[in-house]
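**Q** Residues per chain, in single letters:
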Amino acid sequence: MTTRFFGAPVKRNEDRKLLTGQALFIDDVELPGMLHAAFLRSQAAHARIKRIDVSRARQRPGVVAVYTADDYGAYWQPGPLLVPPPPIPGSVFNQRTQVPLAKDKVRHVGEPLAVVVAESRYIAEDALDDIEVDLEPLPAVIDLEAALRPGSVLVHDDLGSNVSAHVHQSKGDYRAAAAKAHLVIKRRFAYEHGIASTIETRGVVAHWEARSQHMTIWDTTQAPVFVRNGLAALLGLGERQVRVIAPFVGGGFGPKIMMFYPEEVALPWISMRLNRPVKWIEDRLEHFFATTHERGQIHDAEIAVARDGRILGVKDVFLHDGGAYDPYGLTVPINSQCTLLGPYVVPSYDSAFTAVFTNLPIVTPYRGAGRQHGVFVMERLLDLAAHELNIDPAEIRRRNLIPADAFPYKNGIIYQDFSQLEYDSGNYEPVLDQALQAIGYSEFKREQKKLRAQGRHVGIGVACYVEGTGIGPYEGARVQVQANGKVSVATGIGTQGQGHFTSLAQIVADQLGVDVTDVDIVTGDTDQFYWGAGTFASRGAVVAGNAVNEASRAVRQKALKLASDAFECAEEDLVLADGRISIVGIPEKFLGLGELAKRANPMRGAVKPGTEPGLESTQYFGPPSGATANGVHAMIVEVDPDTFDLKILKYVVVHDCGTVINPLILEGQIHGGVAQGIGNAFYEKLVFDDQGQLLNASLADYLLPTALEVPRMELGHTVTPSPLNPMGIKGAGEAGAIPVGPLFAQAIEDALQLKEKNVELLEVPLSPSRIFDLIKASEP
Amino acid sequence: MQPDRHEISVSVNGTAYRRNVESRMLLSDFLRHELLLAGTHVGCEQGVCGACTILLDGAPIRSCLMLAVQANGHELSTIEGLASDSGELSPVQKAMHEHHGLQCGYCTPGILMTMTAFLKQNPSPSEEEVREALSGNLCRCTGYQHIVDAMMAAAQAMRASAP
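Protein chains in written order, with this note's numbering: chain A, 1 to 780; chain B, 1 to 163.
Mixed in with the good hints, there may be bad ones.
[Unchecked claim] For each label pair, taking beta carbons as the anchor points, the in silico distance ranges come out as:
#1 Pro473/A / Glu129/B: 41 to 51 Å
#2 Ser161/B / Arg60/A: 32 to 42 Å
#3 Glu34/B / Arg60/A: 18 to 28 Å
#4 Gly62/A / Gly87/B: 36 to 46 Å
#5 Arg456/A / Glu128/B: 50 to 60 Å
#6 Asp53/A / Glu129/B: 49 to 59 Å
#7 Arg60/A / Ser23/B: 28 to 38 Å
#8 Pro473/A / Ser11/B: 20 to 30 Å
It should be emphasised that the hints constitute simulated quantities derived from the structure, not laboratory data. Given the structure is predicted, the values throughout are model-derived calculations rather than measurements. C-beta atoms are modelled at their ideal positions from N, C-alpha and C, and glycine is treated no differently.
Let's have the full structure, built from the sequences with the hints guiding it.
**A** In structure tokens form, the structure reads like this:
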């Protein structure tokens, strides 16, 4: 088979709609008779609900209904546990999932108390002011350590503590390793990841049609099938009565996965009750509280190293801020725990974490999903060790990389996908070499002396990481040749800008000998494809991509079989190209794929037993475990010694995500990830006061990087195909975002020669003012 | 209190519209939900993200920070009017496609409108000027690099085809 499109920088099929304003996003759904919902949200982080009086709101002209938790009756129940905890012996997990509307108590600012349904959004919002709420404030649980002290106020009174989970994993004997180590370094690290802040906020439109007893839900979700199944169960409907459509979605990054957010649960119920379509679109202020965050962890970590810098062991005890509820199980802290090990040989590891309930918005995965926290700890420990041992930071990393002949590499602990954390494949040293070469590492070290002599504060950083991607369980795809010769493909994943309409089409186009533009991909419509898990954990291209490949191959086989019957020749004597099948050497004798599709659906006569109609196939793919991508980021930075503002002079990413489907789309994924990493490292910080109030809940105050902060990036790739899937793909969605925090810390320390001032940057996010504070604090 | 209403006339992409609107209706809501020109997107309703940028008499404005009644008598341009009647993409749209300058595409309408106006004013910008012009539009997907590349290419294409 010729691969004309796979691996080529094909321009995207979906662009035209988006560039001309014709793509359907959630707020573009307009239905006759549609009502609009607005939610009344708690302004307190922690309070007992004494009374909610909605009577005045109900009287406002244009208001159709107002509901509180009491009105939900039996429909009121805590949301499902989205991801059960992996089977790690001795783990504790206290399930407390979010509720559809607060009852008795509110547990974070922004938790919904009531919902108004009105003829317009304007009226619905007006009516929110008519609702009288009497809340008895309680002290808010904010500080992770204080939350665990005996006598702390409790987020969930019935639980007896604020422990959401406790997990201990270990391998080897850390204590013995530390005893024989040349050096043991111990520090406290604080890493906070912020909010995804998609430019499109969330939204839901629900439309119950009583006559057909059918519910259609448009939802900004990354996992429509899961949402369909869950909402059908909640509403007492069969799955076939519910269709969930994730239309064009304006960015996902995790928080849009499949939360069963209160609004997602409310809207379909309201539509059934009122027998009218209802729309809710989140506003930006709501987005800061009502959509999930990722936030912080505190690590007390130590590393034991030999004199030559080899790692003998790592010990880590950390606290994880889970927020008010824990619907996503252990995914984020498990990712931190596992990804800390990075691309390194770590003979002994002892890691325990406690996830803590707080009176803050819920924490669920956001691009990187806890991996950043772990990578920060490991990379910083290596920097500290390198400094103590007087080894170059790049060199200490090199000495600890897992050698190429050690794959598949077993880490001896359990990962978020329930399987043993095993790196399927990799070749790490060339990635480091290429990154050092691209950034000009040794040249810069020489140049740096000169620049410093001129009074310039320039520094360099190098950080390594792995990224567990492409986890199971499975995805499926249906590939169907239509009578007009065009190919229709449906899959169960959602899409939020990753270019699936093109990358998946490239796979099909090569298999079926058609143009990429002749392949129409449908994602995120449960009536088009019934089964699937969703787009998260950098798995869309890996898992759905392979399913699409399998289905395309099956259709190809079917087409060749049909043509060989028609031409009465062997399949080997046929060529499939340009949308037609012809006999080798006789191009004028051909059958178009559309014609074959028609023949595959005969209207008269008998077919052979076992014949499936149509030029179509549905296939599924489930990898045995996740494929591990890896990479190195390097950066040269200049810091203003007075303002501590910084300028990135050069930024390099070298990355290995196995076989590449579309290098143009891959570049975009890396660029975007790095931009979010830069925001996380230096610009974005959620600032809460001690009462759990978010003090910077606007895009004017929570600073997403602009075109002026994100530098031009230079990308390099190596290719180590994954043996876990036939196409050798590894995921790439999160790679750009993962190692940026430690990279900033390392480069800024170097630029300002902070080691000599006894200042260590052991936290993220950093900022000019934070660096100023840390330097001031270190001065006598 | 009964909201007061006004009769307004606007021209959008060359088409004249007359509507009776509440005085408090945002221009962005008016375009999207009254005229059903939903290509203009709303990201923050605070004038920060730039997604809702349209042209008012040729100049870029945030349609979420203006009331529909304030647009009375003005000429508006939105993303729906960028391509030619025959469907040919404008140089800025074309360059965004060629350079993979969009991912989820939600911020794209605002970026197209901002940069269309900018390139008209400054046909030979430096990369730094493009970045400065772009800095009022937030994009969470692309890291901006491909958008910057697209704008440099669009500027060149527009210069090459200028009479």
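**Q** Now tell me if each hint is right for this structure.
**A** Each hint, compared with the structure:
1. Between Pro473/A and Glu129/B the C-beta distance comes to about 50 Å, which sits within the given range of 41 to 51 Å.
2. Look at Ser161/B against Arg60/A: about 56 Å separates their beta carbons, and that is not inside 32 to 42 Å.
3. Between Glu34/B and Arg60/A, the C-beta spacing of about 22 Å keeps the proposed range 18 to 28 Å intact.
4. Taking the beta carbon of each, Gly62/A and Gly87/B are about 41 Å apart, inside 36 to 46 Å as hinted.
5. For the pair Arg456/A and Glu128/B, the beta carbons lie near 20 Å from each other, so the given range of 50 to 60 Å is not met.
6. Separation of Asp53/A from Glu129/B is about 56 Å and conforms to the stated range, judged on CB atoms against 49 to 59 Å.
7. A hinted range of 28 to 38 Å is violated for the C-beta pair Arg60/A and Ser23/B, which are about 19 Å apart.
8. Taking the beta carbon of each, Pro473/A and Ser11/B are about 54 Å apart, not inside 20 to 30 Å as hinted.
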